[in-house]
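Mapped onto the working numbering, the consecutive letters of the sequence shown carry residue numbers 1 to 257.
Possibly wrong hints are sitting among the right ones.
[Stated by the list, open to error] When the alpha-carbon atoms are kept at most 16 angstroms apart in a straight line, the in silico EDC-like pairs for lysine to aspartate or glutamate are as follows:
hint: 1; residue 1: Lys128; residue 2: Asp68
hint: 2; residue 1: Lys128; residue 2: Glu22
hint: 3; residue 1: Lys238; residue 2: Glu22
[What the hints assert, rightly or not] Simulated restraints on C-beta separations:
hint: 4; residue 1: Lys128; residue 2: Leu86; range: 27 to 37 angstroms
hint: 5; residue 1: Pro116; residue 2: Gly155; range: 24 to 34 angstroms
hint: 6; residue 1: Gly72; residue 2: Pro116; range: 43 to 53 angstroms
hint: 7; residue 1: Trp43; residue 2: Pro233; range: 17 to 27 angstroms
hint: 8; residue 1: Leu183; residue 2: Thr98; range: 35 to 45 angstroms
hint: 9; residue 1: Leu19; residue 2: Leu209; range: 11 to 21 angstroms
hint: 10; residue 1: Ala201; residue 2: Leu69; range: 40 to 50 angstroms
hint: 11; residue 1: Gly112; residue 2: Arg184; range: 20 to 30 angstroms
hint: 12; residue 1: Pro233; residue 2: His23; range: 16 to 26 angstroms
hint: 13; residue 1: Gly188; residue 2: Arg131; range: 30 to 40 angstroms
Hints were generated in silico from the structure; no laboratory data involved. We put the beta carbon where it would ideally sit given N, CA and C, even for glycine.
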Amino acid sequence: MATTLPIIDPRVSLRPIALPAEHGGWGFLLEPIALGLAVRPSWGGALIAIAFAFGFLTRQPLRLALQDLLRGRSYPRTRWCWTFALLYAFAACGALATAVIRSGWVAIIPIGLVVPLGVMQIFYDAHKRGRALLPELGGALAMTSSAAAIAIAGGLRIVPALALSAVIAARAIPSIVFVRTLLRCAHGRSAASWPAVSLHAIAILLVALCATKLAVVAMIVLFTRAVWTLARPVPPAKTIGYGEIGYGAMTVVLAAI
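Assemble the whole structure, with the sequences as input and the hints as a guide.
Structure (structure tokens):
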């Protein structure tokens with residue numbers, strides 16, 4: 001019986017197709033998932049987490065496949081890009097559908113709210129502009145919806161569940177601008193520090209309106225690290241990356257208590 005999968009071409013490396021190249025994206029995926037599961041663990045929430053993980057994996061092969069499509073060309077990698085994109089998307093939809101069966105359709109309301117952001121990121125990815133500021137912010141915001149969806153699946157009401165996503169958004173958006181500012185400076189380009197600092201200050205105020213005191217403490221810590229780091233020589237990229245992992249974990253822990 002003939003297989004439905006394309007024959008592996010020795011010129012094609014599957015790892016860059018199957019796995020995302022940007023390591024920072026994993027933090028934006030895992031932080032809201034961890035917060036949602038910590039606050040309201042449930043089987044429905046676990047299924048939503050799985051759906052988001054496969055949705056996240058879909059981006060890389062879909063991005064490459066759409067770029068090839070827009071070029072009007074078919075390369076040895078192209079069929080594998082579509083294969084991985086469809087497999088990941090099918091797994092994501094299956095997990096999400098099962099979550100709805102277990103937990104009800106209300107759990108996917110937060111996801112529905114951010115669909116336009118996901119579509120925007122796909123559009124930018126297809127046109128090789130996925131690393132621009134707007135799609136990065138939109139993609140990060142889209143992934144924060146997993147915290148609310150998971151919490152709702154676990155029985156939390158919609159408003160406090162959305163507050164969880166708001167905390168992660170308040171962590172993610174200023175941090176993206178902060179890291180981009182550092183990287184610009186590291187490459188010898190000028191970059192004003194006030195946008196990152198201002199966004200961190202706004203995040204403190206917004207979280208104070210909708211979340212716990214410990215979540216506000218997390219925002220204050222993030223604000224302090226932004227002010228301190230931007231006033232000093234730029235650290236190595238790996239130091240920045242590992243630092244963001246630590247600050248993300250701190251935010252999740254404090255927001256979950």
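Quick rundown of the hints versus the structure:
1. Lys128 <-> Asp68: With Cα atoms ~11 angstroms apart, lysine 128 and aspartate 68 stay inside 16 angstroms; holds.
2. Lys128 <-> Glu22: The hint holds at about 14 angstroms.
3. Lys238 <-> Glu22: Measuring from Cα to Cα gives roughly 13 angstroms; hence the hint holds.
4. Lys128 <-> Leu86: 27 to 37 angstroms: violated, 22 angstroms
5. Pro116 <-> Gly155: 24 to 34 angstroms: holds, 28 angstroms
6. Gly72 <-> Pro116: 43 to 53 angstroms: At 27 angstroms between Cβs, range violated.
7. Trp43 <-> Pro233: 17 to 27 angstroms: violated, 48 angstroms
8. Leu183 <-> Thr98: 35 to 45 angstroms: About 39 angstroms separates the Cβ atoms of leucine 183 and threonine 98, which means 35 to 45 angstroms holds.
9. Leu19 <-> Leu209: 11 to 21 angstroms: violated, 38 angstroms
10. Ala201 <-> Leu69: 40 to 50 angstroms: About 43 angstroms separates the Cβ atoms of alanine 201 and leucine 69, which means 40 to 50 angstroms holds.
11. Gly112 <-> Arg184: 20 to 30 angstroms: violated, 35 angstroms
12. Pro233 <-> His23: 16 to 26 angstroms: Since the Cβ atoms of proline 233 and histidine 23 sit about 23 angstroms apart, the hinted range of 16 to 26 angstroms holds.
13. Gly188 <-> Arg131: 30 to 40 angstroms: violated, 18 angstroms
In this structure, the earlier hints numbered 4, 6, 7, 9, 11 and 13 are contradicted, and the remaining ones agree with it.
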